[in-house]
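As given, the protein sequences belong to chains A and B, one line each in that order. So that you can map any letter, position 121 of the first sequence is 121 in our numbering, and since no number is skipped, the others follow by simple counting. So that you can map any letter, position 266 of the second sequence is 266 in our numbering, and since no number is skipped, the others follow by simple counting.
It should be emphasised that the hints constitute simulated quantities derived from the structure, not laboratory data. The structure presented is a predicted model; accordingly, all values stated were derived computationally and were not measured. Note that beta-carbon positions come from the ideal geometry of N, C-alpha and C, so glycine has one too. Treat the hints with caution; some may be incorrect.
Now the in silico label distances, taken between C-beta atoms and shown as ranges [unchecked claim]: (1) A:A22 - B:L296: 24 to 34 angstroms; (2) B:D241 - A:S161: 36 to 46 angstroms; (3) B:N30 - A:E290: 29 to 39 angstroms; (4) A:N210 - B:P217: 33 to 43 angstroms; (5) B:N44 - A:G244: 54 to 64 angstroms; (6) A:Q204 - B:R199: 46 to 56 angstroms; (7) A:G311 - B:E203: 23 to 33 angstroms; (8) A:G233 - B:R199: 31 to 41 angstroms; (9) B:E297 - A:D198: 47 to 57 angstroms; (10) B:Q18 - A:R299: 42 to 52 angstroms; (11) B:S108 - A:G244: 58 to 68 angstroms; (12) A:D198 - B:R75: 47 to 57 angstroms.
There are 2 protein chains.
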Amino acid sequence: MLSSEADHFVRKVRSFDQRGLARVLSMVENGHPLAPSILHSLYNPQRSSLTIGITGPPGAGKSTLTNRLISYYRRHKNRVGVIAVDPSSPFSGGALLGDRVRMQEHASDPGVFIRSAANRGHLGGLSGTTRDALEVLAAASYDPVLVETMGVGQAEVEIASLADITLLVLVPGLGDEVQTMKAGIMEIGDILVLNKADRSGIEQLEMSVNASLELIPDQADRPPVIRCSAQTGEGIAELTDAIGSCTSSGAGRKATAHRRTALLLNSIVREKGRELAQKLLLDRYGSIEETIESILEGRTTPYWIGEMLSGFHNNKRENENECKRD
Amino acid sequence: MLSSEADHFVRKVRSFDQRGLARVLSMVENGHPLAPSILHSLYNPQRSSLTIGITGPPGAGKSTLTNRLISYYRRHKNRVGVIAVDPSSPFSGGALLGDRVRMQEHASDPGVFIRSAANRGHLGGLSGTTRDALEVLAAASYDPVLVETMGVGQAEVEIASLADITLLVLVPGLGDEVQTMKAGIMEIGDILVLNKADRSGIEQLEMSVNASLELIPDQADRPPVIRCSAQTGEGIAELTDAIGSCTSSGAGRKATAHRRTALLLNSIVREKGRELAQKLLLDRYGSIEETIESILEGRTTPYWIGEMLSGFHNNKRENENECKRD
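Modelling step: build the complete structure from the supplied sequences, incorporating the hints.
Below, the structure written as structure tokens:
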């Protein structure tokens, strides 16, 4: 599968060539024909690189926190990768750029590689691109790789599930109802970070977070809650300690090669399955538009098409005649 | 495709047999072998039945609002279907039952059919089950069908996208930051319902909602904002008017048979594609566990498997030899 051309790019990534790395990430994002070969070669199921997801509402200070974490890990001589996942929402495009410009203080540091996943890339969508970019950065010996996501959409939840550890960043000023509202979101946080701890309302936030966590029956399953101020740096040491013990404790429930592999495999199977089903549909109906027309005219139904796709596996060709409905 | 056994159930659904309908919904949820045939027969791309999604944070009063809407549509002689999608989150299980018990005042009304989608059903998951249950209720002449979802998770967003109109229910007491946080969520609301309008803070909520909406460049794209109190009934007439004009205005941007068909087809293609890819994987590796072992031992990679799945479409058998990496 590995052509000499792909091999050229693989070597670039492994030899700390930042321009080569950027090129490969673009190839991954754009669905370049060589991308699968390159990913196949770079992939290492036993990689030690830690991926840390950073998520939470806009305004929670995620970019400032990411900045702090970059500085911390740089002081400890780590090469740090950052993937900043831009929001798909047209609503929240504004505030973002300013925050990320701040991150650029690290841009001239060769030990830091920052990548913005700004578009939905090729077939796999934003989460497919981010998933693959993570593996490329790990192969380029960036450790940790920080993935900052905006908001709480579908893509964000999926990306968080691919990270080894996810920090859910919250800030004071949200009432109890909000904490309840975020119930589903809280489940994606391995560590709950209460940022802007110097603000009034931090006590109330911590109380309601703890009240929510008490609903988790097993105390050992409750994520640690860390107060910090990304702005002043207060609490960052406690946070990195918590990250460290999350990963070193065998509990490091997301950290095993097995779990990573299962998630990556699942994500790829889902993506390729969708592509495959689409191709089979197009083989039969020519285009999505013609399929929809067929359905609207009563010649077939989405459920019949579903059966046709299922039957494909068994080559149940007898299913391939359109059947009349009563 | 339609056996006489399936035909039996199809007739039950069409003849307003509530027990038969309940049976069919269970078959759909449990992936019964007859389910695809029944769904195929019942499906009508030109159905007039309107599906109204009702979503928003716990505590926003969605169940009370659903109750009000049931009463309203019953007074107008509609048969009303309700699908109450239970949360997948263990966090928010508590408050729910009480709310839904209230809905049971309608349980003895033969013109109302209430169904709780409590489990994740068969392969398609919660959103697949809900999607199919919607079509069954429409075929049973329930119009409208109300789909109440909890929280803002992935399944909820997907379900909302299948509804013709989605009401996003908000309540006073959430600050500006929360409005921003919900940016992504707001996009799923065709009508923004500010519930508990008798509470203090309603002005502030409306102001921040409107401020968020101003970010939508085209004024015509901004969803209407309706104040109401599900508790007292105040504003419900305005809400049902808004629902009416959303559907009657050609703008009724989600309401066309074309759009419904495209969404249903997309959802089924995604679901069947995933199933198909999983079967192909198992054909080759025996089990997910063995696949993961293969990857961990370096004999293959998820990316190579992805190529194998892609290649299946073209019967590119030359791809099927595992290739060595450099």
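Each hint, compared with the structure:
1. A:A22 - B:L296: 24 to 34 angstroms: 30 angstroms, holds
2. B:D241 - A:S161: 36 to 46 angstroms: 42 angstroms, holds
3. B:N30 - A:E290: 29 to 39 angstroms: 33 angstroms, holds
4. A:N210 - B:P217: 33 to 43 angstroms: Given a distance of about 42 angstroms, which is inside 33 to 43 angstroms, the answer is holds.
5. B:N44 - A:G244: 54 to 64 angstroms: With Cβ atoms ~58 angstroms apart, the hint holds.
6. A:Q204 - B:R199: 46 to 56 angstroms: 19 angstroms, violated
7. A:G311 - B:E203: 23 to 33 angstroms: 58 angstroms, violated
8. A:G233 - B:R199: 31 to 41 angstroms: About 40 angstroms separates the Cβ atoms of G233 of chain A and R199 of chain B, which means 31 to 41 angstroms holds.
9. B:E297 - A:D198: 47 to 57 angstroms: 50 angstroms, holds
10. B:Q18 - A:R299: 42 to 52 angstroms: Roughly 32 angstroms apart at Cβ, these two residues miss the hinted range, so it is violated.
11. B:S108 - A:G244: 58 to 68 angstroms: At roughly 59 angstroms between Cβ atoms, G244 of chain A and S108 of chain B fall inside 58 to 68 angstroms, so the hint holds.
12. A:D198 - B:R75: 47 to 57 angstroms: 55 angstroms, holds
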